[in-house]
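J.: The chain contents come next:
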Amino acid sequence: MASVNSPLGPKASEATSWNFKLLAQHQLDGFGGMGEGMSVQIAKDGRRIIWLAHESAPKNFTAVDVSDPRKPKVVVQTDLPQSFMRSNSLELTGDIMAVAYQTQKVGQKPAGFELFDVSVPEKPKSISFTDCSGANSRGVHALWFCDGQYVHMASGAPDFKPTHPLDDQFYRCFDVRNPSKPVEAGRWWMPGTREGDSAKPPARHKLDKGYRAHNTNVYPQRPDRLYLTYIDGGMYIMDIADKSKPKPVSHWTNSPPYTGFMHTAMPLFDRNLMIVTDESTENNALDWPKLIWILDAREEKNLMPIATCPMPPVDAFSSRGGRFGAHNIHENAKLPTAWQSDEIVIGTFFNGGLRAYDISNAYQPKEVAAFVPPPPAGTPAGAVQLNDVFVDERRIVYTVDRHTGGLYILEMDF
Amino acid sequence: MNALFPSPAAGQFGRRQRRERGARIPVTVVTGFLGAGKTTLLRHFLATPEGHGTALIVNEFGAVGIDDVLLRPSADETVLLGNGCLCCNTRSDLQNALRRLVAERERGQIPDFCRIVIETSGLADPSPILQTFATDRALGAEFHVEVVLTAIDAANGKATLDWSAEARKQAILADRLVVTKSDIAGEAATAGLIVHLRELNPRAAIDVAVNGALDPRQMVEPNDALHGERLGFIAEAAHSDGIGSFVITDTAPMAWNAFARAMETLMALRGPDLLRVKGLLNVEGCRGPVVVQFVQHLAHPPVELETWPDENRESRVVFITRNIAEQAVKDLFAAVRGLRASS
Numbered sequence: 001m002a003s004v005n006s007p008l009g010p011k012a013s014e015a016t017s018w019n020f021k022l023l024a025q026h027q028l029d030g031f032g033g034m035g036e037g038m039s040v041q042i043a044k045d046g047r048r049i050i051w052l053a054h055e056s057a058p059k060n061f062t063a064v065d066v067s068d069p070r071k072p073k074v075v076v077q078t079d080l081p082q083s084f085m086r087s088n089s090l091e092l093t094g095d096i097m098a099v100a101y102q103t104q105k106v107g108q109k110p111a112g113f114e115l116f117d118v119s120v121p122e123k124p125k126s127i128s129f130t131d132c133s134g135a136n137s138r139g140v141h142a143l144w145f146c147d148g149q150y151v152h153m154a155s156g157a158p159d160f161k162p163t164h165p166l167d168d169q170f171y172r173c174f175d176v177r178n179p180s181k182p183v184e185a186g187r188w189w190m191p192g193t194r195e196g197d198s199a200k201p202p203a204r205h206k207l208d209k210g211y212r213a214h215n216t217n218v219y220p221q222r223p224d225r226l227y228l229t230y231i232d233g234g235m236y237i238m239d240i241a242d243k244s245k246p247k248p249v250s251h252w253t254n255s256p257p258y259t260g261f262m263h264t265a266m267p268l269f270d271r272n273l274m275i276v277t278d279e280s281t282e283n284n285a286l287d288w289p290k291l292i293w294i295l296d297a298r299e300e301k302n303l304m305p306i307a308t309c310p311m312p313p314v315d316a317f318s319s320r321g322g323r324f325g326a327h328n329i330h331e332n333a334k335l336p337t338a339w340q341s342d343e344i345v346i347g348t349f350f351n352g353g354l355r356a357y358d359i360s361n362a363y364q365p366k367e368v369a370a371f372v373p374p375p376p377a378g379t380p381a382g383a384v385q386l387n388d389v390f391v392d393e394r395r396i397v398y399t400v401d402r403h404t405g406g407l408y409i410l411e412m413d414f
Numbered sequence: 001m002n003a004l005f006p007s008p009a010a011g012q013f014g015r016r017q018r019r020e021r022g023a024r025i026p027v028t029v030v031t032g033f034l035g036a037g038k039t040t041l042l043r044h045f046l047a048t049p050e051g052h053g054t055a056l057i058v059n060e061f062g063a064v065g066i067d068d069v070l071l072r073p074s075a076d077e078t079v080l081l082g083n084g085c086l087c088c089n090t091r092s093d094l095q096n097a098l099r100r101l102v103a104e105r106e107r108g109q110i111p112d113f114c115r116i117v118i119e120t121s122g123l124a125d126p127s128p129i130l131q132t133f134a135t136d137r138a139l140g141a142e143f144h145v146e147v148v149l150t151a152i153d154a155a156n157g158k159a160t161l162d163w164s165a166e167a168r169k170q171a172i173l174a175d176r177l178v179v180t181k182s183d184i185a186g187e188a189a190t191a192g193l194i195v196h197l198r199e200l201n202p203r204a205a206i207d208v209a210v211n212g213a214l215d216p217r218q219m220v221e222p223n224d225a226l227h228g229e230r231l232g233f234i235a236e237a238a239h240s241d242g243i244g245s246f247v248i249t250d251t252a253p254m255a256w257n258a259f260a261r262a263m264e265t266l267m268a269l270r271g272p273d274l275l276r277v278k279g280l281l282n283v284e285g286c287r288g289p290v291v292v293q294f295v296q297h298l299a300h301p302p303v304e305l306e307t308w309p310d311e312n313r314e315s316r317v318v319f320i321t322r323n324i325a326e327q328a329v330k331d332l333f334a335a336v337r338g339l340r341a342s343s
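If you read the protein sequences in the order shown, they are chains A and B. So the first sequence is numbered by the numbering used here: it starts at 1 and just counts up by one. So the second sequence is numbered by the numbering used here: it starts at 1 and just counts up by one.
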């Protein structure tokens with residue numbers, strides 16, 4: 001047999017689409033650097049609107065009409081009041097949207113979260129702003145809101161002084177049943193991260209990304225459970241039956257020997273599994289491998305890793321530019337506009353693109369689709385940096401670039 | 001494993017698929033007698049956007065890989081299999097080539113192809129190639145034969161079909177028949193060939209290539225004869241080789257066990273004469289149709305689809321067999337069903 005050639009050379013393989021069909025890309029009018037907040041609304045007039053959080057200022061959020069996924073149209077794009085702010089995260093239930101505000105430094109204002117009435121998508125109306133700023137707070141990084149009643153978040157607070165400056169954001173829950181007057185319902189932090197704790201501060205990791213909250217997922221199927229990731233602190237299942245007194249049920253971490261920054265913990269209730277992701281934060285794969293983990297959760301007090309989703313080869317991606325590794329996944333938020341699957345996991349991997357895994361056999365996840373677009377115009381990273389993903393109930397997949405590429409809309413072709 | 005972590009969304013055959021191939025890499029097998037114009041068809045296809053991302057496996061019957069030289073500049077990957085026919089001594093070469101393509105793709109050493117086209121030598125019998133994907137479970141999990149396409153030259157095709165059993169078998173087993181060189185042969189000869197081909201293989205779609213060019217979708221999209229109206233017109237096609245095709249249908253949902261036992265019996269007694277069997281079954285307890293496929297004594301793993309392709313809920317299985325009477329097969333199925341009912 002003759003040898004296998006690569007007539008197109010090594011660059012040719014960098015853009016790829018396998019079992020995903022690109023329907024459209026929209027660079028969002030020149031502000032295509034997107035964060036990790038994506039939520040779909042069916043407006044009263046029947047239009048399907050996707051709300052997108054930006055990675056950084058100057059833009060706050062953008063709404064895109066995706067009724068025809070091949071012809072996305074920007075409906076509204078709003079500005080942040082300060083250049084040092086970022087609204088990296090948003091979530092929407094019905095016509096109420098919660099938006100997280102984080103500042104670059106502690107002590108800056110405004111920092112917290114804002115609720116908007118988006119019943120007229122062109123004209124988002126502020127309902128309330130909740131101040132979470134403080135001498136040791138940068139406000140809210142990420143939030144979760146899918147029951148219309150409580151907003152769960154990773155936030156600082158004016159009365160919280162961390163033992164280490166990187167540990168400023170912890171779990172907070174606000175009752176927003178009266179959206180014009182959110183009230184804090186409960187909070188929890190990892191023992192040792194607040195000054196005055198009896199526990200010793202945790203040992204720092206090699207890359208030291210901080211012991212603070214990231215994702216704070218609570219699903220209506222188990223309203224008494226919080227699936228909390230804590231960056232360098234791994235993840236916790238929390239008992240929040242009494243929201244004023246969250247209690248750890250179990251804790252799992254992969255670091256060390258891995259390099260920290262646990263990002264998302266998603267339960268698959270019917271299968272007794274959990275999907276846990278790390279986030280890659282270093283360029284050129286210096287923190288490789290950043291993975292999606294499958295955990296046996298039959299005993300919630302004894303979580304057991306049983307597999308990871310196979311990654312494409314690091315050598316093929318490490319020098320493409322920017323980050324390479326896991327980050328966000330579609331999180332099965334129990335909303336009528338969100339796709340639900342406990343057999344397929346879809347995640348973003350920065351320059352590794354978007355990847356889908358069949359986890360029917362939980363011990364052997366298998367990649368079934370991948371989408372790596374070419375570097376978007378104007379990107380400083382040199383390669384695409386797919387940051388977040390959301391799948392609507394029509395199985396249309398939305399993914400965003402962290403720098404300039406904006407929104408990519410795809411169809412699952414498998 | 002799934003017993004530990006079962007998904008309520010899964011069916012009895014695992015995750016329900018939107019289509020038969022699921023997420024597997026689609027394979028197009030291109031057959032056709034020597035000089036039928038396979039290479040020209042492929043060159044046109046590879047130049048189209050639909051041809052992008054194709055890894056090509058060329059099987060040459062001869063010492064010099066001429067087709068490989070012609071096609072190499074346009075394919076994303078080209079693998080030339082050694083001297084010999086795919087259906088004979090180079091079958092393991094095909095298996096090795098496919099494994100190697102997957103491994104090198106996963107290691108990032110070759111471009112990320114999304115389709116394989118296998119160009120067989122003119123003399124190749126396609127059934128052993130189809131068998132390869134059923135016997136080699138590792139390959140079967142990665143690849144799915146989406147289209148078996150046979151090119152027939154309008155100028156010489158009729159004569160070739162008359163004298164060559166290999167050419168007839170290629171035409172009978174195809175999902176798509178492509179008539180080439182119609183510009184040389186003229187309208188009457190082309191029309192005559194099409195009538196003859198329709199008799200030989202009533203299931204296949206028949207297309208005419210114009211100046212060597214074919215709508216590229218016909219190279220890659222399955223011909224779902226089981227879904228379309230064509231099924232309704234199938235009459236038993238018998239040939240001098242004893243090869244015939246017939247369809248078994250059933251309006252009542254089938255018990256999977258009964259169907260499986262009937263097929264096991266058939267394969268055990270007459271495996272070599274079951275050239276190709278493919279069907280959509282309405283299986284008791286299944287939401288979508290179950291796609292079944294057999295090549296001689298080998299069964300592909302059944303796949304349950306998420307939805308039925310149309311309103312028709314009948315089970316329908318096409319048999320291409322050698323010297324097996326339709327009635328005997330129908331009787332076997334009836335007997336198995338009867339035994340189950342009375343047990």
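Hint data in this document are derived by calculation from the structure and do not stem from the laboratory. No experiment lies behind these values; they were computed from the predicted model shown. Accuracy of the hints is not assured; some may be wrong.
In silico lysine-lysine, BS3-like type, Cα no more than 30 Å apart, as pairs [to be verified]:
{"id": "1", "chain 1": "A", "residue 1": "K109", "chain 2": "A", "residue 2": "K161"}
{"id": "2", "chain 1": "B", "residue 1": "K278", "chain 2": "B", "residue 2": "K330"}
{"id": "3", "chain 1": "B", "residue 1": "K278", "chain 2": "A", "residue 2": "K366"}
{"id": "4", "chain 1": "B", "residue 1": "K330", "chain 2": "A", "residue 2": "K21"}
{"id": "5", "chain 1": "A", "residue 1": "K125", "chain 2": "A", "residue 2": "K21"}
Some, not all, of what chain A presents toward chain B, calculated at C-beta under 10 Å [stated by the list, open to error]:
{"id": "6", "residue": "K105"}
{"id": "7", "residue": "D315"}
{"id": "8", "residue": "A370"}
{"id": "9", "residue": "P374"}
By construction, the Cβ of each residue, glycine as well, lies at the ideal position given by its N, Cα and C atoms.
J.: Indicate, hint by hint, whether the structure satisfies it.
T.: Hints versus structure:
no.	hint	verdict
1	A:K109 <-> A:K161	holds (17 Å)
2	B:K278 <-> B:K330	holds (15 Å)
3	B:K278 <-> A:K366	holds (27 Å)
4	B:K330 <-> A:K21	violated (42 Å)
5	A:K125 <-> A:K21	violated (36 Å)
6	K105	violated (41 Å)
7	D315	holds (6 Å)
8	A370	holds (8 Å)
9	P374	violated (13 Å)
The structure shown violates the earlier hints numbered 4, 5, 6, 9.
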